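Assemble the complex: chain A is given as a structure, and chain B must be docked to it using the hints.
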Amino acid sequence: MKKRMNKEIRTGVLISGIVAVVFLTALVLLNPQNQEKKVYKIILIPKIIDSTNGFWSSLTAGAELGAEEFNVDLEVMGANSEEDVKGQIRYIEESIRKKPDAIIVAPGSYSGTSDALQDVVDSGIKLILIDSIIDRDIAEATVATDNYLAGRELGEFTKSLLTKDAEIGIVAHVKGASTAIEREKGMREGLGQYEDQVVDIVFNGSSYDKAYALTEDMLKKHPKLKVIMGTNEYSAVGAARAIGDLGLAGKVKVVGFDNSIEEIQMLEAGVFQGIIIQKPFNMGYLGVQQTVNILEGQPVEKSLDSGCKMITRENMYEEENQRLLYPFTGQQ
Amino acid sequence: MKDKKGYRTIFGRFKSIQSTIMVSFSVLMVIAMLIFLFIALHFTKNTIYENSVNYSSQIIEQVNYDIDSYMEYLINISSIVSKSSDVSQYLYNEDQTEEETGEERERILSQFVTIRDSRNDIYNIAAVANNGRSVLNDGSDHFTEYINIKDESWYRAALSSSRGIAISSSHVQNAIQESYKWVITLSRALVNYRTGKNDGVFFVDLNYSAISELCNNNSLGDKGYIFILDENGNIVYHPKQQLMYGGLMTENIDQIMSSKSNHFLTKTGDKLYTISKSDITGWTVVGAIYTSELMKNNKQAQMLYFLVAAVLLLGVTVVSSIISREITKPIRQLRDSMSLVEKGRFDKANVDVTAENEVGSLSKSFNVMTERIHTLMEQNVYEQKQKRKSELKALQAQINPHFLYNTLDSIIWMSEAGKSEEVVLMTSALARLLRQSISNAKEEVSIGEEIDYVRSYLTIQKMRYKDKLEYSIEMSPEINHVRIIKLALQPIVENAIYHGLKYKETKGNINIDGYKLGRKAYITISDDGVGMDEETLAHIFDEKQKEHKANGVGVPNVQKRLQLYYGEEYGISYISRKGAGTVATITVPLDGGTNDEKKDE
Numbered sequence: 001m002k003k004r005m006n007k008e009i010r011t012g013v014l015i016s017g018i019v020a021v022v023f024l025t026a027l028v029l030l031n032p033q034n035q036e037k038k039v040y041k042i043i044l045i046p047k048i049i050d051s052t053n054g055f056w057s058s059l060t061a062g063a064e065l066g067a068e069e070f071n072v073d074l075e076v077m078g079a080n081s082e083e084d085v086k087g088q089i090r091y092i093e094e095s096i097r098k099k100p101d102a103i104i105v106a107p108g109s110y111s112g113t114s115d116a117l118q119d120v121v122d123s124g125i126k127l128i129l130i131d132s133i134i135d136r137d138i139a140e141a142t143v144a145t146d147n148y149l150a151g152r153e154l155g156e157f158t159k160s161l162l163t164k165d166a167e168i169g170i171v172a173h174v175k176g177a178s179t180a181i182e183r184e185k186g187m188r189e190g191l192g193q194y195e196d197q198v199v200d201i202v203f204n205g206s207s208y209d210k211a212y213a214l215t216e217d218m219l220k221k222h223p224k225l226k227v228i229m230g231t232n233e234y235s236a237v238g239a240a241r242a243i244g245d246l247g248l249a250g251k252v253k254v255v256g257f258d259n260s261i262e263e264i265q266m267l268e269a270g271v272f273q274g275i276i277i278q279k280p281f282n283m284g285y286l287g288v289q290q291t292v293n294i295l296e297g298q299p300v301e302k303s304l305d306s307g308c309k310m311i312t313r314e315n316m317y318e319e320e321n322q323r324l325l326y327p328f329t330g331q332q
Numbered sequence: 001m002k003d004k005k006g007y008r009t010i011f012g013r014f015k016s017i018q019s020t021i022m023v024s025f026s027v028l029m030v031i032a033m034l035i036f037l038f039i040a041l042h043f044t045k046n047t048i049y050e051n052s053v054n055y056s057s058q059i060i061e062q063v064n065y066d067i068d069s070y071m072e073y074l075i076n077i078s079s080i081v082s083k084s085s086d087v088s089q090y091l092y093n094e095d096q097t098e099e100e101t102g103e104e105r106e107r108i109l110s111q112f113v114t115i116r117d118s119r120n121d122i123y124n125i126a127a128v129a130n131n132g133r134s135v136l137n138d139g140s141d142h143f144t145e146y147i148n149i150k151d152e153s154w155y156r157a158a159l160s161s162s163r164g165i166a167i168s169s170s171h172v173q174n175a176i177q178e179s180y181k182w183v184i185t186l187s188r189a190l191v192n193y194r195t196g197k198n199d200g201v202f203f204v205d206l207n208y209s210a211i212s213e214l215c216n217n218n219s220l221g222d223k224g225y226i227f228i229l230d231e232n233g234n235i236v237y238h239p240k241q242q243l244m245y246g247g248l249m250t251e252n253i254d255q256i257m258s259s260k261s262n263h264f265l266t267k268t269g270d271k272l273y274t275i276s277k278s279d280i281t282g283w284t285v286v287g288a289i290y291t292s293e294l295m296k297n298n299k300q301a302q303m304l305y306f307l308v309a310a311v312l313l314l315g316v317t318v319v320s321s322i323i324s325r326e327i328t329k330p331i332r333q334l335r336d337s338m339s340l341v342e343k344g345r346f347d348k349a350n351v352d353v354t355a356e357n358e359v360g361s362l363s364k365s366f367n368v369m370t371e372r373i374h375t376l377m378e379q380n381v382y383e384q385k386q387k388r389k390s391e392l393k394a395l396q397a398q399i400n401p402h403f404l405y406n407t408l409d410s411i412i413w414m415s416e417a418g419k420s421e422e423v424v425l426m427t428s429a430l431a432r433l434l435r436q437s438i439s440n441a442k443e444e445v446s447i448g449e450e451i452d453y454v455r456s457y458l459t460i461q462k463m464r465y466k467d468k469l470e471y472s473i474e475m476s477p478e479i480n481h482v483r484i485i486k487l488a489l490q491p492i493v494e495n496a497i498y499h500g501l502k503y504k505e506t507k508g509n510i511n512i513d514g515y516k517l518g519r520k521a522y523i524t525i526s527d528d529g530v531g532m533d534e535e536t537l538a539h540i541f542d543e544k545q546k547e548h549k550a551n552g553v554g555v556p557n558v559q560k561r562l563q564l565y566y567g568e569e570y571g572i573s574y575i576s577r578k579g580a581g582t583v584a585t586i587t588v589p590l591d592g593g594t595n596d597e598k599k600d601e
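For the record, the sequence lines run as chains A and B. Numbering-wise, full-length UniProt numbering puts 290 at position 290 of the first sequence, and it's gapless, one number per residue. Numbering-wise, full-length UniProt numbering puts 52 at position 52 of the second sequence, and it's gapless, one number per residue.
This is chain A alone, in the form it adopts within the complex:
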């Protein structure tokens, strides 16, 4: 009798203990914030590190803000030239050695960096492509402008500038880069029936000076050249500088990609007839956001279009476009 009673009391104490434990467990469960979120280490390798370039500095700024927003340890490293594929491969290899959670790469070549990027994937590091793509489908996700669509929009705009016999020259950036390939394809598509008026295409390796020189050469070679299309900031600005300096502003029309203060000024001045701008800030930010989502195991869109916008002299002062043209950096 006594034993049974003691047993009941022990059971009672046990039940109270269990209730107490349940209380404490509820407590812990109610406090998910107590669980410290892991700080991911992410390395961003843009095609180039160049503070004079509006596109890449804006992309980096977007990525850095994203890193701040999502509490990510972001390291940016990259070559000094877009053409330096070997340099980029070196940075990719160095990144692998640093064992980050993920690497965001803007590949400088459509096929040249693929082996190095395969190593990234093989090392168990998540690979996210930004701005450009490669010849293999190994990345977890891609964040880029739909370069074909952007090129086509620029081509369609260019059509409105053309007269019948006007010759067209293309100043492209890096041969073999997916952006250059896609944009050229888009532009030709957009030009439609005028496509066969494209008389020349040159590659400048993403250098203002080289683009400038190549444009001069092209004008000498093709005196009837009336339109020049630049496939990125270096190409467009280099070509426009040459046109401006040659006093051909308005006579030889320039359209191109991307956005910088210089491009805007030349757009105002009438050297550029139109520019198609990407949203590099969004691209950088979304790149980091996608990466964090992947690392946290959330579903993501495999290929994210960061968007683009055609800007002309007429619409450049519209508020919406101003926001895209002039990156807001607060205390400037």
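No wet-lab data here; the hints were simulated from the structure. Just so it is clear, the structure is predicted and the values come from calculations on it, not from any experiment. A hint or two may mislead.
[Stated by the list, open to error] Part of the chain A face toward chain B, derived, beta carbon under 10 Å: (1) Thr11; (2) Ile15; (3) Val21; (4) Gly66; (5) Glu69; (6) Gly87; (7) Ala116; (8) Val199; (9) Phe203; (10) Gly270; (11) Phe281; (12) Tyr285; (13) Leu286; (14) Gln289; (15) Glu319.
Heads up, the beta-carbon is just placed ideally off N, CA and C, and yes, glycines get one too.
Showing chain B alone in chain A's frame:
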């Protein structure tokens, strides 16, 4: 916890009052604790929410006030500059010499430089007249040729405003060459002193340093922030303006602009907006706090409540187990003592009265009751003993008249037959028997005396039955002195003769052995008579059994007396087999005289 029936069933399951009390206490405590928790949590949440709203409102109003005073200050500066004679003369007096205008321009520029140098929140400062004259910054910057400044919204707003003052939303200042900065423009209409009409604009371009400082200096928690909307709901300032402009982040601007209250929770409940509108700037200052952060305090409070509840619960369980044990202790003692009484052990049944309460008086009554029962029982036992003894005494005095008659008859027969020797032997045995039965008034005799009595009896019986009876007695001398109640052996022997040997055709033997084993003396009376079946054996101590009574004292009477005198462990035991014989063993203690029988004497 469901209904009363359920309660009873639950209580019915408990095996002790202690656990019932303990569990009830604990259950009540848990319920009380849950109610307390519910109220406390609810109350805390509301309080924290209200406090946050109040705190946030105060901060937002303070920020709004600071922005207003900042703008008032700038308006004062603009007022001083725009009303200075230098500006009026330079812009509108067309009759001056070039030297005069040059001097005025220099003075204006130096004033502008002073203002720009002293304040890092001003990008551009300029005065523009509709006639085309203008002064800009330090004189080295120029207006862009691509834009007509008169078409700019901030320019027109100043001219059309009734106060002559306009504050723009944030925009890119496109009017100045090679400068594309996000600014807020404070513009003020300039009055042409010659016509008295608004004929130009003085403006100041402000960067965000002052405003962001005002907004960031006031913290709304770790993650909370302050942003500013203009009267149309456009963003003037936002700490993450770039994300807002990139479309990567949104605020519930429509809801803010249409809200009538000064605070509201978003539909998803993740943000709390606090709103304050300014009449001077027309702006709306909005504070955004993440509810998750607000509720962090709530979580801490919850944690504390749960912790206290858990500790209290454990404490209450332990204390209630101690209390319930203490409360039920006298009851348990009472129960234990009652179970002793059930077993008839009255000597240890007395309960210590430790309390003055109901249980205490119950214990007292119980003690009185058991004492009385004990006394009554003792009295009853004593009376029974006395009754038995008096019965026995009465019986002892008798000698079976049949036996006497038969014996005397035998003597007569033997005398007639001239067997004088045998007559002498039988008569002397009878005389000894009679003397022994009457001489000793004591209740106890020694085993030796009892054996002598049996021997006399057997002598007579052997002579009577001649060839049919043979006997032997082998007593260990060690037990001759051991005390035994009178007339214990003879009835057993008589029983053996009349029930065992009498019906036997051939000669019967009776063997009497006495020995000691341990602290007991054993006397066995064995015969090789007809024996008993199990039925008879089982009822051998049954007084109602019809039987031959030797001297009026039967076997059951002997058994009772033995056990009455010496206790339950002593007495007679029988072993018997039908057709083989019977063994009766009498057990008495060696120190037969030391038990309570002596006290009775």
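Right, here's what the structure says about each hint:
1. Thr11: holds (8 Å)
2. Ile15: holds (8 Å)
3. Val21: holds (8 Å)
4. Gly66: Holds - the Cβ of A/Gly66 comes within 10 Å of chain B, reaching about 9 Å at its closest.
5. Glu69: holds (8 Å)
6. Gly87: Check failed: Cβ of A/Gly87 comes no nearer than 30 Å to chain B, outside 10 Å.
7. Ala116: Nearest chain B Cβ about 30 Å off; hint violated.
8. Val199: This interface hint is violated because 32 Å lies over the 10 Å limit.
9. Phe203: violated (31 Å)
10. Gly270: OK, holds: A/Gly270 within 10 Å of chain B, min 9 Å.
11. Phe281: holds (5 Å)
12. Tyr285: holds (6 Å)
13. Leu286: holds (7 Å)
14. Gln289: Holds - the Cβ of A/Gln289 comes within 10 Å of chain B, reaching about 8 Å at its closest.
15. Glu319: Constraint on A/Glu319 satisfied, holds at 7 Å.
Going down the numbered hints, you'll see the structure goes against 6, 7, 8, 9, while the others check out.
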